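**Student:** Now for the letters of each chain:
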Amino acid sequence: MSSFAFELRGRARWLALLCILALSLTWPQPGLAHGGGAPQITDAPAGPYRLFAWSSPDPWRTGGAVHLTVAVTMVDASGQTMPISDATVTAVLMAEGQPASTVQLVATPNPTAAGFYEADGELPVAGVWRIEVLVSGAAGAGSGVFTTTVQPGASLNWVMWVGAGVGVLALVGIFALRQRSVHTKALHAQRA
Amino acid sequence: MHPMVTALFAPWELRWEVLIPLLVFGTIYATGWTRLRRQSRRQQVASKWRLAMYYIGVGSLAVALMSPIDWLGSQLLTMHMIQHKILVMVAAPLIWLGNPYPVGVWGLPRPVRNAVTLALAGDTWFRRGLAAISQPAIAWLIFTFIYLGWHDPSLYDLALRHEWVHNLEHLTFFLGAMLFWWPVINGAPRLHKSLPYWVRILYVLAFVPPNAIAGFAIANSTDVIYAYYNSVPRLYGMTALEDQMIGGAIMWVWSSEMMIDVAIIMLGVISHQEKKRKQKQQSTTGALALPQPQPQVKVAG
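These protein sequence lines map, in sequence, to chains L and H. Residue numbers 1 to 192, in this note's numbering, belong to the letters of the first sequence in order. Residue numbers 193 to 493, in this note's numbering, belong to the letters of the second sequence in order.
Because the hints were derived from the structure by calculation, they are not lab data. Source: prediction; values computed, not measured. Quick reminder that beta carbons are idealized off the backbone N, C-alpha and C, glycines included. Keep in mind that a hint or two might mislead.
[Unchecked claim] Distance ranges between label pairs, derived from CB positions: (1) L:G165 <-> H:K385: 35 to 41 Å; (2) L:D86 <-> H:P401: 49 to 55 Å; (3) H:K470 <-> L:K185: 50 to 56 Å; (4) H:V197 <-> L:V103: 34 to 40 Å.
[Unchecked claim] Not close to chain H: a few residues of chain L, all C-beta gaps over 12 Å, as computed: (5) M94; (6) Q104; (7) E132.
All chains, full assembly: derive it from the sequences and hints.
**Tutor:** Given below as structure tokens:
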């Protein structure tokens, strides 16, 4: 009984591990804060600041998470570019011809990188969107604008299906191996 | 403090797609190591130094993919190169030195262990496929192709623009490096005859020219090759071109130096083996040369 309980605990542990793996594949895509993305604004003047912005994934799609990275810098008297860490960064996203679909995102400072701000959101409709990035800080305020075309969302969430498929295959595999092992043991017992 | 130093000491980003595989493989290895040690503390398969090598290797993967180096790689080519070097020149050989297969297999639950052993020991398509791609010449070509291919400007920029391409780049770098280092470290499972040390020296040294040419070309280019780095703020006191020069030099010097170091270590091993062989030979000859008892000659009186 105790060995059965031990085996069950062992099996439960591995099952839990597999579930975590499968879950990890189906996990919603988190904010991509580790850099990269399609450059949208490069070193544009925004009041007293210089503004940079990247969007990811490329292209943006409806129904999925969209991510915006903004960098706010200032050039000091010596010509050195300095990151601005204490600014308030907001993005106003407007679908062309559909003012009701306006989305406002407040970007939070990236703890890993001074002067960088990250915002996540979701866009309701496909089409051309105008994104205005507003920056305000101790030195003043400014803004930068870019436009991007948002594509319709993918009809199939393949990441979720692949994750679920891997989970099911793993469970089937383990079950089949258990069955084979039981069968082999039975054969050995029969021969003995 | 220099902004680069400040950035390097920034908090880590715990990425689930990195963290979960590292935890899973770390747990499997720890379980196997403990099981083997319970059987015997003197065996060589799961020794303490192998445990240290494995976890330093896994730790270096974590450093490359979750520390601020990862984030800085999207801002500086230099940091991106350092990240790639950690993946292919540090993590992969250290993990092989940890003897991951024999130890890890004992950390798996019995049905999975049986399946893995059967897949690698029997005449299976998996073993045949693995044996085909792990032939030293093929492994060398695959790794060199992956390594140089990702340095193509369009692919490199694509990786910086798309997260999934970037992850694919790192995954192929690491798996390609595992394949490359396999015959050098001669890790288990051994699907081919072990290479003599002099062949291993040639194998690693053969990587120096293609790597040096690529690194030299990047370092000496008069234009910014990877256009993405023109779109980032220059916060660390170097222009995109200076950054590219340092990045290219890191690629050129670090990898070449690593290969030369490995070749020197191999020469050391050859010399050590030769010394041991000579000692053994001498002791055998010495034993044979022991004074033999003289036959007693009786003199007839």
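**Student:** Does each hint hold? Answer for all of them.
**Tutor:** Each hint tested on the structure:
no.	hint	result
1	L:G165 <-> H:K385: 35 to 41 Å	39 Å, holds
2	L:D86 <-> H:P401: 49 to 55 Å	50 Å, holds
3	H:K470 <-> L:K185: 50 to 56 Å	54 Å, holds
4	H:V197 <-> L:V103: 34 to 40 Å	38 Å, holds
5	M94	24 Å, holds
6	Q104	24 Å, holds
7	E132	19 Å, holds
Of the numbered hints listed earlier, not one is contradicted by the structure.
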